[in-house]
Every structure is written in C-alpha cells, then in structure tokens.
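Colleague: So the chains spell out like this:
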Amino acid sequence: MNQSSLSVESAVGSRSRFAGFRLLVPGLLWTIVFCLLPMIVVLAVSFATRGTYGGVVWEFSLDNYRDLLHPLYGRIFVQSLLMAGMTTGLCLALGFPLAYYIARLPPRRQALWLVLIMIPFWTNFLVRTYAWIFILRTEGLLNTVLMQLHMISTPLDLLYSNQAVLLGLVYGYLPFMVLPLYAAIERIDPALIEAAWDLYADRWSLFRRVLIPLTKPGIIAGCVLVFIPSLGSFLTPDLLGGARSMMVGNLIQHEYLVARDWPLGSALSILLMLIVMGSLLGYFNAQSRQAGERGER
Amino acid sequence: MADLSIDMRALVKRHGATLAVDHVSLKIRRGEFFSLLGPSGAGKTSLLRMLAGFETPDAGDILIDGQSMAGVPPNRRPVNLVFQSYALFPHMSVAENVAFGLQMKRVPRAEVAERVGATLELVRLSEKRDRMPGQLSGGEQQRVALARALINRPAVVLLDEPLAALDQQLRQQMQIELKAIQAQVGITFVCVTHHQEEALALSDRLAVMQQGRVMQVGRPEDLYERPENLFVARFVGVSNEVRGTLADVQAGEGSLLPNEVSLSRGIRVPVRAGLQSGIQVVMTVRPERIRVSPGHVTGADMNCLHGVVETMRYIGSEWQGVVRIGESVRWTIHASNATSGSRPVALGAPVSLQWNPGDGVVIPLT
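Residue numbers (my numbering), protein chains in the order written: chain P, 1 to 297; chain F, 298 to 663.
Chain F extracted, bound-state conformation (with noise of 0.2 angstroms):
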C-alpha cells in the first residue's frame, strides 16, 4: 500500500507482569491525522514510545514508510515527538530550539536560518524568536514544541498529550491550531490522549484502547454513531442502556425485550449482520437522539419508554438530566435550553423517553 505512512504488525509490550500492548495492529496512512484515545494505563503511551523509539517492543514489528523500525534508535528515525512537557531546552532561545534538530542533521547553516523562519512563521512566533522557553506562555511552549518536531520535515510526528497542560480555552483555540497546521504540512500525525472530545474534534481517524488492546478504529463518527462494544459506547459520549434479548431478527431489523424494565412490546432496533434472535444483547442510544415530553405519550413509529425523573441540572446550553426507567436502569437525557430558561420537565414527575428505532445500536453481550 503505497499511501501507508506507519505499519504496526501485532505489537507486544509487557511492563513486568502485565501486558501494556496486547498484539495491536494498526495502519496509519500518510498525512491523516490519527489518535490514540484511551484511559490512562490502555497502552497508548507505550505504542508512542515504541513509534519513538525510547522502548523496544518484545514481539512484532513497526513499519515506518515500508522500513522496518527494529533496532533503528530514535536519532535515527524518521520521527519527531513532541513532549507532554514540552522538553524544551531552558538554556537555548526560542529559535535555537526551533534549530536543533536541523543543526544535528548537519543541513548548511543558511538552510537552517531559512527554515527556522519559515517553521516560527507557520506557528505565528516569529517576534518571540530571541526569548528563552522560561518567558514563554503555556501555549506558545507548546507552539515551540510542534515547530521543533515539524522544522524537520519528518516522515510522522507523534504527540504525547499535547494540550493536556493548557487551559480550557487554550485548549479549544490550540486544537483549531493543531489542526490547520497539520492540514497545511500534510505530515502524519499520531496523536495520544485521554480527552475524547479533543480525540475527536481533531482526528481523522482514532483508535479507542483498553488494557493494552484496540477496541475499535474508526472515523469520529463510526465511532460515535457505531460503537463495536460496550467500552467504546462508554468512553466515547454517554452511553444509555438497556439490556434484554433480541428477537424477531428480519432483514436488518429485530426487537429487544429489555430484561429490567416492564414494556408492553419490544424495542424496535437496527441489526447488523450476524446477530440472531435469543442472544442477549444491550441496546445503547445517545442523550441527544432522545426526546423528553411530560406524562405519557406514545409515538407511533418511535421507541418509547416511561420514567420519572430523579436530577436535572441547568449547564445553559442545555438541561442535562437523569431519568430513572426501571429498578436499576437510569439514563441520562439532555433538553434543549432553545425556548426559555425554564424547567423542561419537573423533578420526580413521569415523563416519556423517545427515540428513532434507528439511533439505537445492538451490542451482543458476550
């Protein structure tokens, strides 16, 4: 394949006893903007260090542009990384941070002088060239980080966790940053962190890890819309839930008779190819696809199930709330704050959960 920029073929990682990398394999392709998303201890920061160079894997092999990355150090990778702390050099100028790589590659020091230019120029820093990292924001570090990784035109560059040391807004204004500077060079990056809204607000494509093992890789919105499995519905956006068995399996379409909650018919839901009828499954639809109405009502063509509603709390865009549906089941609903600041719905009065057949996603318990 010629448009692979990194290969990863069952990558093994073992920390003591436990299996920081699981056998993961994963394609990265050139210039696509790709994360790993998990919690901490998922492996995620081990498969970067690994892609780096700074640890060796125990079985498997890397691929980086069709070369083979065993025994390569990382001074000789085609890789730059860009630290969670930065790592800048304290006694070195903006600039010659900015240098270094290129002066260690021995490139003619007129071409170096150029490209420092240009790189502090495409990360808006070009009047702070002379200040030393110590006098620089939180923001503009990480602006020095990136441009001494990317001043080297490598083949991927890796970042650990790059804004998890900004503030809230920092944060929003970096990832619209990251992203168009990753757009403008089309070098590939690879992407670690904890944060899913940020995961997903800048990749191309993610994978979602657990305990050393890849869950599921996908698009933003395959992994959003089409959970493969209870982790990924979880970790990416609330995930509301009901468990039962499935039936009545035809031509894409099934029912679910929930196990918890009483219900005079089945849930109707999507049903991928290869479930059958009888298995147990569980049912997840998003807050947002769920439409909250007072008393009880009954759509003909959607899902509908009855609750009362135990919390709700006003965050202004919207009304985020907890409704309880069965002895154990509670799903959480958000009501648009569109008309007026009022309480959609009051606490402990029965309201009406509604939803698209379609919105909902099978899950097979296994």
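Chain P with its partners taken away, still in its complex shape (with noise of 0.2 angstroms):
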C-alpha cells in the first residue's frame, strides 16, 4: 500500500472517530446528569457530618464509615444478603420451568403468555404489595378461605415475617428472571435437546449438561436483575415483613427519612453499592478466567 492512500485512509478514521465521538455526547449526557452526578453526591455526602437537627454539615469525616463497623448493621447487611440469595435462588427455581415451558409452546400461546406475566407491571407495585397484605394478614382471604374449610381452626400467623417478605420478593422480581431466561430457551435449537434425549440422556442429564450451559448467559441476567433490587428492596420488608423483618434498604431509608442521618445512609449507599459491584466484577472475572482457560486448550 502506498502512502498517500494510507494517508487519506487515516484522515478518514480520524474524521469518523470524531463523528463517533459526536454521536455519544447525548449518551454521555444522560449518563453525567442521571447516573454520575447522584452518585457522586451520595459519596460527598457521606464523608460529610450530620448537623444537630438533621441536614448536611460540609465537614470532612469518616465517622460515617467507622459507624459501619457496628455488628447491628454487619447482621443487617448478612441477612439482606441471604433474604436476596434465597429470592434469586427460589425465582431461578419457580422462573426456569416456567421459562421452559413457555419457549416450547407455539409461537402464539408464546405471546400470550408473555403477556400475561407482563400484566402486573401494569399496575403499582405498592398496591399489588398491599394486595398481598390482604391474602396473608390474619384475617385475610388465605386465613378465612382454609377456616371456612375447617383446614385449621385459628388464623395462621403468615404476614410480617421473612418468609412473608421472601413470598413478596419473588412475586416482584420473578418477571425479571423469566424474561431473559425465556430469551434464551427459546434461541436453542430444538434438535439439541432432541440430540440429548436421542443420546440416552435423562431429564436431569438434560438439563445439567445441555440447557444450562446453553442458557447460561439468560441464567446470569436472570439472577443480576433479581439479585440487586431484592437486596436493596426496602418496600416489601416495610409492608410484609413489619418490624421483624428489616433490610439494608429499610436501614438506609430509616437513615435518611427517620433519623434524618443522610451522611450515615450515604455511607451505607456506598458499601451496598460497593459489595454489588464488587460481587459482580468478582464473577465477571472468574467467568472470563474459565473463558480463556477453555479457549487456550
């Protein structure tokens, strides 16, 4: 190649570089403005101190942080963290049939039934948790329906309890997981699963050795999209789980409106922020570590 063509070549690249650049502004815009500035407030905040009667006070400080080290919140950031794991875990094991079934109907009933898992959205999500309030509080409509049926002669105790809150929890967030879960179920080709069954496979080894690793990308989005609103959800242990149940967002939401320590809720903001990155950085990189080891043999 000579070198004059070489030279327009690059006068062309860089002219394109420079429209790419143009095209992003109002990405990087929106990204500045609603995601960056927030955060980075939050962060100020939270080396801040409290004034007397709530408020901000400009003093830098990292009592916020050194608070953090209080076991109360070590237990509280534990126990949001499994109620979040158990939430993933029970939506991955409810959303994957569910998913299953869904990919392999005809294209119509497909549509249909996306639809009706979409339904809810439609409506608040304060209301539809309010609606669970009225099946489970004592005497709601699962208590009166199994006395009516002499089932049990007093009212169960279900409402304000972790297991009230983990019910709600995946009531919410399991659209979440079926979606990218139906997105790739239904990309597999069917004449793999028929290859598996065809190569004396059972149910199990099926699903083991064949859709997993297949839909193994929708199973990570799944679980990311469930995951990190669970563990920071504050709605659902507020209405479901009463004073018995509290969550990191409950705490962080007390720190801000209740006791009015936005300082202490920004620093919390940040460890939750920090232990969701951290998790997810941590697994992106063991995966691309596995990717490479595979990829070299």
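These are computed hints drawn from the structure, not numbers from a lab.
For clarity, every value in this text was computed on a predicted model and none was experimentally measured.
It is possible that part of the hints are untrue.
Unchecked claim - Ranges of calculated distance between the beta carbons of each label pair, as one might list FRET restraints: (1) P/290 / F/403: 24 to 30 angstroms; (2) F/403 / P/30: 24 to 30 angstroms; (3) F/508 / P/290: 48 to 54 angstroms; (4) P/242 / F/367: 55 to 61 angstroms.
As the list claims (entries may be wrong) - EDC-like mimics (lysine to aspartate or glutamate), calculated; alpha carbons at most 20 angstroms apart, straight line: (5) F/476 / F/427; (6) P/216 / F/437; (7) F/402 / P/194; (8) F/402 / P/202.
Beta carbons are placed, not taken as given, at the ideal position from N, Cα and C, and that holds for glycine.
Assemble the dimeric complex from its two separately framed chains, guided by the hints.
Modeller: See the structure below:
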C-alpha cells in the first residue's frame, strides 16, 4: 500500500472517530446527569457530618464509615444478602421451568403467556404489595378460606415474617427472571434437545449438561436482575415484614427519613453499592478466566 | 427371521387431517444400508422420527431386533439419529460431543476415553478432538455427528438427509466415506433422502415413498431397471414414455399399439406375468438405452421411432436432447460425446430412436 492512500485512510478514520464521538454526546450527558452526578453527591455526603437537627454539614469525616463497623449493621447486611440470595434461588427454581414451558409452546401461545407475565407491571408495585397484605393477614383471604374449609381452627400467623418478605420479593421479581431465561431458551435449537434425548440423556442430564450451559447468559442476566433490586428493596420488607424484618434498604431509608442522618445513610448506600459491584466484578472475572482457559486448550 | 433389524408393521401417522404415513410395512435386514427416498411430504421423515421415538405411530408397531418399540422413549431405544442440522452441542468439544452418549449410559471413564479415540480414528478426526463444533467445516461436523452416533454401537443408525447441507464435491466424497464406514462397522443404516442419485449410490436396498405410501422396495438396480409404477419410473431416473394398448401377449412378450404415435407396426415389449392383451399400458425406456441416428433407419430386431430434434444441450460428458415423436410425446435422449465435441444430430433434423425390446418396461395404467 502506498503513502497517499494510507494518509487518506487515516484522515477518513479520524473524521469518523470524531463523528462517532459527537454521536456519543447525548448518551454521555444522560449518563453524567442521571447516573454519575447523583452518585458523586451521595459519595460526597457520605464523607460529611450530620447537623444537630439533621441536614448535612460539609465537614470532612470518616465517622460514618467507622459507624458501619457496628455489628448490628453487619447482621443486617448478612441477612439482606441471605434474603436476596434466597429470592434469586427461588426465582430461578420457579422461573426456569416456566420459561422452558413457554419457550416450547407454539409462537402464538408464547405471546399470550408473555403478556400474562407482564400484566402485573401495569399496576403499581405498592398496590400489588398491599394486595398481599390482604391475602396474608390474620383476617385475610387465605386464612378465611382455610377456616371456612375447616382445614385450620385458628388463623395462621403469615404476615410480618421473613417468609412473607421472601414471598413478596419472589412475587415481585419473578418476571425479571423469566423474561431473560425465556429469551435464552427460545434461542436453543430444538434439535439439540432431541439429540441429547436420543443420546440416552434423562431429564436431569438434559438440564445439567445441555440446557444450563446453553442458557448461562440468560441465567446470569436473570440472577443479576433479581438479586440486585431485592438486595436493596425496602418496600416489601417494610410492608410484609413489619418490625420483625429489616433489610439494608430499610436501614438506609430509616437513616435518611427517620433518623435524618443523611451522611450515615449515604455511607450505607456506598457500602451496598460496593458489595454489589465487587461481587459482580468478581463473578465476571472468574467467568472470563474460565473462558480464557477453555479457549487456550 | 434372525437377521431382521427393523420390522415396521402397518405404521400409520396422521398430522392433522393428512395421512403422513399410510400403512407402511417394511422389513430391514441387519447390517443393511437402507434408504427412504421420496419427495418432500412423502412421509419419510415422519417414518424416521417414529423409528427414533420422537413421534408415536397412530397405529401399527415397530420392532427393532425383535423388540417392540411401543411406549419406549428415545433415550431407551437402541437407535441413534444423525440430525440433518447435525445438532452438535456447541458448548462441547468434538471429543465431549462424541463421548456424550457413553457418559449418559454411565460407561466407565477409561472405556469412554478408549472408544472416543477409536471412533474419532474411524471418522479421521483424531487431530480435531479438542476443537469446538463452530471451528469445524461442514464435512467435519457431519463426521462428528456420525461418530457421536456410532460410538454407542446402536442396533440402528438413522440418518436424516445426511449430506444435504454439503456442497456437491464434498457430497460425493462423503458418499464414498459414509458407505465405507458403514461397511466397516456393519451397523444397520437407515437413511432419509430426497436425492435419488445419492440413494442409489449408497443403498443396499431402498424404498421409494410418495404421499405416505411405499411405492416400491428393492435394490437400486431393481428400482431403476424394473420400476413397478410410473411414480418410481419418473422419480428414479428419467422416464421416456409412450401410452398404448397391449396386444399379442405370449411367452413373456407382446406388442404395444401406441395411442399418440402413428406406427406401421407395434412396439415390441417384454410383458411380465399377469398382464393381458387389450389393457391400457405405458411403456417406459431410459435415455441411455436409446440409440439416436440421423435420418430414418429401421433395424430388424430393434424397436424404432421417428422424431424431430427439438433441443440439444452439451454437458461435457455427453449431449442431452429432446426429440418430439408425436403430437405431445417428447423423449429425452443422451448421446455420448465419445468421438468429438460436435453435435451428433442437428436441431430440427429427423432422427431415428432405436432400442432393444428388452429395455422397455411395461406398466399397466390403473
């Protein structure tokens, strides 16, 4: 290739790179205004001091982070992680068979099922959580029906427990698991499933050796989409868990709105974010290392 | 019968209102390369899927090695399918794909490793054992799919359009290879194809199917030389036909008085037992059995028809043309290019078509 054609090419290259940058501007602005800026504010506040009557005094301090070392906070974090983990596990266990069932239906029936799964989104989440209160409470729908059927003599204590919170979280986030799983399963060539079957695989082997590896991206997406919001949720534990259940989200909400300690609330938020980001990064690192080893063989 | 591998008994399969498989009975011998040949919609794929266990017959039964397959799911059948799309597991290496069936049957690790090695050797893929399917060519993927079936030493290997996805040259090479491998392992192969040349080249015996029914079963040469009906005559090879009335039947011979072609005397034809004078028949003869010569000649012991050359095309090894011999009767002729590249007969020229009476086949019209 000669000199002149090279220079022409590089000129074209730099111009298109500049054009590419200009195209990025709206997206960058959006990210800065709606994502980065609020986070910087939260980060800044987390290093500030609480005023005597609430509010933020701009005096640098590490006290908020020192306060986080209190064992009570540690317990709440662990409990929240457990709750989010169980929610994710249950959503996966319930969501996979459902997504598999839908993905193997004829296309028109698939559309119907997907609409049915998304219909709850048309109603406010708060309203739907209140509906669960009506179902679960002592004089609620479930207890009334069970009593009428004489299956129980005294009402069950269902509401305001960790189980109720778990139920509410699974209910709320199941669609976020089902949709990416459906997308992943739907893409699998049906001949692969038949091939596994033809090669003597039973249901479990088909699931473990073929379906899970082929739908891994969907499983990861679903787990991330369920785990993160359930870890930070505060509405569900507040309404269904009452005083007996506290998750990080409630703690942060409490610090901001009740205790009016914005700096401590901010420090808690930053810690929560670090935990989420850290575990995600760790996971993706492990993934790419595994992929690298596989590719090198 | 001890050497029977597959025994299909009056199989029926409906897809909605259509009869996909219409009372099919076939017996396939052990170690045989058997093909199901037919156009799309003939029911051959339904038949294959019933053998594999992916579809259940509405009536009839399938016996494999004398065992009824009724109610036996695909993962319990002594049968392995080579899928048309190969259906290799994309997340497993070549060796892992091939090992899958044995692992599912919980064969000890050492034996799996040994058999994977031997099977990859058989299909000449030992060097590619750690590649992923996406890194292989079409022909290599085909061989992995075959190895993945063969390694289980099933009673029957089923092949669904095994060579359809390959280009022409690779196809012929794989035909030879497939046949050689089958002969080496001695396993019964049942192959579905719509490609008649492929079916003839590969099969020990084949069944020609149309609209869910078996039209004829036999060795390739039986089907080509002695088609029992017009569908087989036309689907397997090119059929030159003339309709007429059968006359003077005696001692396996007779003559045909054509309806649409004027002739001074009848066409001499061989007549199989059971056909009588007076019935309407079609005589068919293959293009390569016809000798084309310019002008009007008559041979003493050959049948002869006169016609006019309508088209002539040069395909290298020979000339292929169409000769009009009656108002609406056109025959395909093949003229060898053994002597030179020049056109054997001119367009529009009168020609004589001669053939041995024994090369004609008489098919009764029903």
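Colleague: Is residue 402 of chain F close enough to residue 202 of chain P, meaning Cα to Cα at most 20 angstroms?
Modeller: Distance ~10 angstroms between residue 402 of chain F and residue 202 of chain P Cα, so the pair holds.
Colleague: With respect to the beta-carbon atoms only, verify the hint that residue 403 of chain F and residue 30 of chain P lie 24 to 30 angstroms apart.
Modeller: Since the Cβ atoms of residue 403 of chain F and residue 30 of chain P sit about 56 angstroms apart, the hinted range of 24 to 30 angstroms is violated.
Colleague: Hey, residue 402 of chain F versus residue 194 of chain P, does the alpha-carbon distance stay inside 20 angstroms?
Modeller: Measuring from Cα to Cα gives roughly 16 angstroms; hence the hint holds.
Colleague: Check the following: the C-beta atoms of residue 242 of chain P and residue 367 of chain F are separated by a distance inside 55 to 61 angstroms.
Modeller: Holds - the Cβ-Cβ distance for residue 242 of chain P and residue 367 of chain F, about 59 angstroms, lies within 55 to 61 angstroms.
Colleague: Mind checking the alpha carbons of residue 476 of chain F and residue 427 of chain F for me, to see if they're no more than 20 angstroms apart?
Modeller: 26 angstroms, violated
Colleague: Residue 216 of chain P and residue 437 of chain F: Cα distance at most 20 angstroms?
Modeller: 27 angstroms, violated
Colleague: CB of residue 508 of chain F to CB of residue 290 of chain P, is that within 48 to 54 angstroms?
Modeller: With Cβ atoms ~53 angstroms apart, the hint holds.
Colleague: Per the hint of 24 to 30 angstroms, is the separation of the Cβ atoms of residue 290 of chain P and residue 403 of chain F within bounds?
Modeller: Once the Cβ atoms are compared, 26 angstroms apart, the range 24 to 30 angstroms for residue 403 of chain F and residue 290 of chain P holds.
Consistency with the previously given hints fails for numbers 2, 5, 6, ordered from lowest to highest.
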